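Participant: One line per chain: the protein sequences are A and B, in this order.
Per our numbering, the very first residue in the first sequence carries number 2; after that it's consecutive.
Per our numbering, the very first residue in the second sequence carries number 44; after that it's consecutive.
If you're looking for bench data, these hints aren't it; they were derived computationally from the structure.
Incorrect hints may appear among the rest.
When the alpha-carbon atoms are kept at most 25 Å apart in a straight line, the in silico DSS-like pairs for lysine-lysine are as follows [as the list claims (entries may be wrong)]:
1. K174(B) x K96(B)
2. K122(A) x K168(B)
3. K192(B) x K140(B)
4. K46(B) x K103(A)
5. K174(B) x K111(A)
6. K83(B) x K70(A)
7. K114(B) x K188(B)
8. K103(A) x K47(B)
9. K191(B) x K111(A)
10. K140(B) x K191(B)
11. K191(B) x K148(A)
12. K188(B) x K103(A)
13. K91(A) x K192(B)
14. K140(B) x K103(A)
15. K103(A) x K143(A)
16. K143(A) x K116(A)
17. K122(B) x K96(B)
No experiment lies behind these values; they were computed from the predicted model shown.
Read off the chains here:
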Amino acid sequence: MHKKGSWAYPLEFVTYVGLLTVILVIYGIIFFGFKVAEPDAPVISAKDYQDSTTLINFLRTPTEVNGNKMTIADSINLFYNSQLSEQEFKNLISNTLNSLPKPNEDSNYKLEIGKDVVFDKSNIFQAEKIVQGLYFPLSNKKIVLIKLSLKCNCNEEEVFEVA
Amino acid sequence: MNKKGQETILDFTKLILNFGIVVVVAIFIVVVTISFLNTKYDLHDFQANLLLKTLISSENCLAYNDGLNTKSGIIDTSKFSNELLTQCYSNPNIGYKINLYNAENKPVYSSSSNSKLNDYIPICKSLPEYKCSIKNKYILYYENKELKKGILKAEVITVA
Numbered sequence: 002m003h004k005k006g007s008w009a010y011p012l013e014f015v016t017y018v019g020l021l022t023v024i025l026v027i028y029g030i031i032f033f034g035f036k037v038a039e040p041d042a043p044v045i046s047a048k049d050y051q052d053s054t055t056l057i058n059f060l061r062t063p064t065e066v067n068g069n070k071m072t073i074a075d076s077i078n079l080f081y082n083s084q085l086s087e088q089e090f091k092n093l094i095s096n097t098l099n100s101l102p103k104p105n106e107d108s109n110y111k112l113e114i115g116k117d118v119v120f121d122k123s124n125i126f127q128a129e130k131i132v133q134g135l136y137f138p139l140s141n142k143k144i145v146l147i148k149l150s151l152k153c154n155c156n157e158e159e160v161f162e163v164a
Numbered sequence: 044m045n046k047k048g049q050e051t052i053l054d055f056t057k058l059i060l061n062f063g064i065v066v067v068v069a070i071f072i073v074v075v076t077i078s079f080l081n082t083k084y085d086l087h088d089f090q091a092n093l094l095l096k097t098l099i100s101s102e103n104c105l106a107y108n109d110g111l112n113t114k115s116g117i118i119d120t121s122k123f124s125n126e127l128l129t130q131c132y133s134n135p136n137i138g139y140k141i142n143l144y145n146a147e148n149k150p151v152y153s154s155s156s157n158s159k160l161n162d163y164i165p166i167c168k169s170l171p172e173y174k175c176s177i178k179n180k181y182i183l184y185y186e187n188k189e190l191k192k193g194i195l196k197a198e199v200i201t202v203a
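The task is simple: from the sequences and hints, build the whole structure.
Facilitator: Laid out in structure tokens, this is it:
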């Protein structure tokens, strides 16, 4: 082809310039015309700054077991030390889970205490939206991971309401 | 024209073409950068979350203090007053109303900041220059020295 210094070199160079211009024009149209890389107002998602306050308050919720006032956290400890029946424990947890604010009627909270105890009324079509977790020390010196998650078919706006 | 003259014209043409390319690419990069820098961010969600976290966590707002520690997430109902709320969290670009609902979902306490923006909350959806949202937070509160469960509902309006 035309080497540097030959008469035709600038002509070949012009075609490259033309190609570059076409590419820039196409990218310009995509960027500014269709606003592909320029959203109107980026939103910081509620998921990005959620904490575990709902789960902490859930565990601090006052309740009554056999006439004794205690917290949900205390009842978990009693259950793990076999001092509370499974049925009574399930009723306590289910009632308190129902008190948590939900984005809509079909939403459910799933609570996992360790690997074995799971409270979950959701179906497989409901997506996990908010997940909060903490390690809970028991009086028998064992530690269980408690996870609370919201499962629903809801949009970001609805999740934001309860996040 | 001699050979040296031809080479000078060739070099000059090449210089102009290279300069042209640099200018075109530089303009493109500058325009794209300015476009990104001028992007407006929607901070409503962030402001609403920050407000709610401050309300339930700060002793100067609604958080309960037992004399030793401030209990984040536990509300002191004696702190429900418009003046206290305005002192604890106010900003010319934000207005809010809060309602505390008990376990039976009945409103038991309510308060709001002293902001003129609060007047626009009921008609917020029809005003494009404002953005509104509702946030519900599961909290605990002391009433007659007894700890109870409830939901703090906050209606927040910000300038878009």
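Participant: For each hint, tell me whether it holds in the structure or not.
Facilitator: For each hint, the structure was consulted:
About 19 Å separates the Cα atoms of K174(B) and K96(B), which keeps this hinted pair within 25 Å; it holds. Taken as a hint, the K122(A) and K168(B) pair is broken in the structure, with Cα atoms around 35 Å apart against an allowance of 25 Å. Only pairs whose Cα atoms come within 25 Å are accepted, and K192(B) paired with K140(B) is accepted, the gap being roughly 20 Å. Between K46(B) and K103(A), the direct Cα distance comes to roughly 84 Å. Violation of the 25 Å bound is thereby established for this hinted pair.
Taking the CA atoms of K174(B) and K111(A), the gap is near 32 Å; set against the 25 Å cutoff, the hint is violated. A distance of roughly 52 Å separates the Cα atoms of K83(B) and K70(A); the hinted pair therefore is violated under the 25 Å criterion. For the proposed pair K114(B) and K188(B), the alpha carbon gap of about 14 Å is at most 25 Å, so the pair holds. The suggested pairing of K103(A) with K47(B) is violated, with an alpha-carbon distance near 83 Å, which exceeds 25 Å.
At most 25 Å may separate the alpha-carbon atoms for a hinted pair to count; K191(B) and K111(A) meet this at roughly 22 Å. A hinted pair counts as satisfied when its Cα atoms are at most 25 Å apart, and K140(B) with K191(B) qualifies at roughly 21 Å. Of the pairs offered as hints, the one joining K191(B) and K148(A) holds, with about 23 Å between alpha carbons and a cut-off of 25 Å not exceeded. A hinted pair counts as satisfied when its Cα atoms are at most 25 Å apart, and K188(B) with K103(A) does not qualify at roughly 28 Å.
Proximity of K91(A) to K192(B) is assessed by CA-CA distance (about 19 Å); at most 25 Å being required, the pair is judged to hold. Note on K140(B) and K103(A): the hinted pairing holds, with a Cα-Cα distance of about 20 Å set against a maximum of 25 Å. For the given pair, K103(A) sits about 32 Å from K143(A) by alpha-carbon distance, which is inconsistent with the 25 Å threshold. Of the pairs offered as hints, the one joining K143(A) and K116(A) holds, with about 13 Å between alpha carbons and a cut-off of 25 Å not exceeded.
Taken as a hint, the K122(B) and K96(B) pair is honoured in the structure, with Cα atoms around 16 Å apart against an allowance of 25 Å.
The structure fails hints 2, 4, 5, 6, 8, 12, 15 (numbered hints given earlier, in ascending order).
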